[in-house]
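Asks: Each chain, letter by letter, is given below.
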Amino acid sequence: MDLEQQRNEVDRNYDFFMRTIDKYLGDHANEFALIRNAEIIGFFPTVRAAGEAGDGRFPDGRYSIQEVTLEPIDLGIFSHAGH
Amino acid sequence: MPVIEGRHNGRQILTRVFVAPPATAAGLVFEAGTALIDTGATTSLVGQNIARKLELPPRGKRQMLTARGAEMVMQFRFMLGFPVGDQGQPYLLDADFTGSELIVQTGFDVIVGMDVLSRCAFSMSGGGHWSLSF
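As they're listed, the protein sequences go chains A and B.
Final position of the first sequence in our numbering is 83; the numbers increase by one with none missing.
Final position of the second sequence in our numbering is 217; the numbers increase by one with none missing.
Rather than coming from a laboratory, the hints here were simulated on the basis of the structure.
Mixed in with the good hints, there may be bad ones.
[To be verified] Not the full set, but computed from the structure, chain B residues with beta-carbon under 8 Å of chain A:
#1 VAL112
#2 GLY143
#3 GLN170
#4 THR181
[As the list claims (entries may be wrong)] Facing chain B, from chain A, some residues (calculated, C-beta under 8 Å):
#5 MET1
#6 ARG7
#7 VAL10
#8 ASN37
#9 ILE40
#10 ALA53
#11 GLN66
#12 ILE73
#13 PHE78
Cβ coordinates follow ideal geometry from the N, Cα and C atoms, glycine included.
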């Protein structure tokens with residue numbers, strides 16, 4: 001897999017996902033969206049299910065997975081302490 | 084039910100962990116590292132060194148709160164394991180996680196967060212003992 005190409009795919013899909021996430025928060029909150037070419041392929045209950053669907057449908061591995069949430073990651077003490 | 088247990092030093096709970104790509108027909112490869120058990124972390128994180136060695140492709144992005152403010156980080160899909168038995172054989176959890184890259188200097192290879200801990204019974208005692216029961 002071309003990692004640079006995959007990184008670009010993730011960037012493009014993320015921009016699309018954040019522009020449209022309001023549509024999914026109601027029915028798909030905390031599910032995992034499988035995305036390719038800035039298009040939602042489906043929603044899955046676990047990241048494993050989303051990944052297996054992506055691997056099965058896209059042998060080139062070019063897809064991304066986004067959890068349907070607006071919550072940022074909190075690292076506890078490491079989110080608040082200087083370093 | 085596998086039980087992973089150890090001794091804490093009164094300040095931190097550290098354990099050896101194994102990080103693996105999602106299971107593939109090619110077989111299982113993994114990298115070992117030192118992890119901090121962190122109930123304050125909402126998700127688990129993998130250091131860039133391990134992610135690079137395993138060639139984990141980025142699978143998503145998410146904002147992370149840091150002392151510098153919110154920063155965007157790449158997320159990886161991976162499996163996580165713990166040493167069990169006298170030989171410390173890897174016991175891989177039957178789940179994939181979307182951990183993020185560890186961009187904050189913590190001194191650990193992995194942070195085990197609540198996405199993993201919520202799948203097990205976690206206990207610790209004042210006498211220094213801790214355990215994870217899956």
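Asks: Hint by hint, which ones does the structure fall short of?
Replies: Failing hints, ascending: 1, 3, 8, 9, 10.
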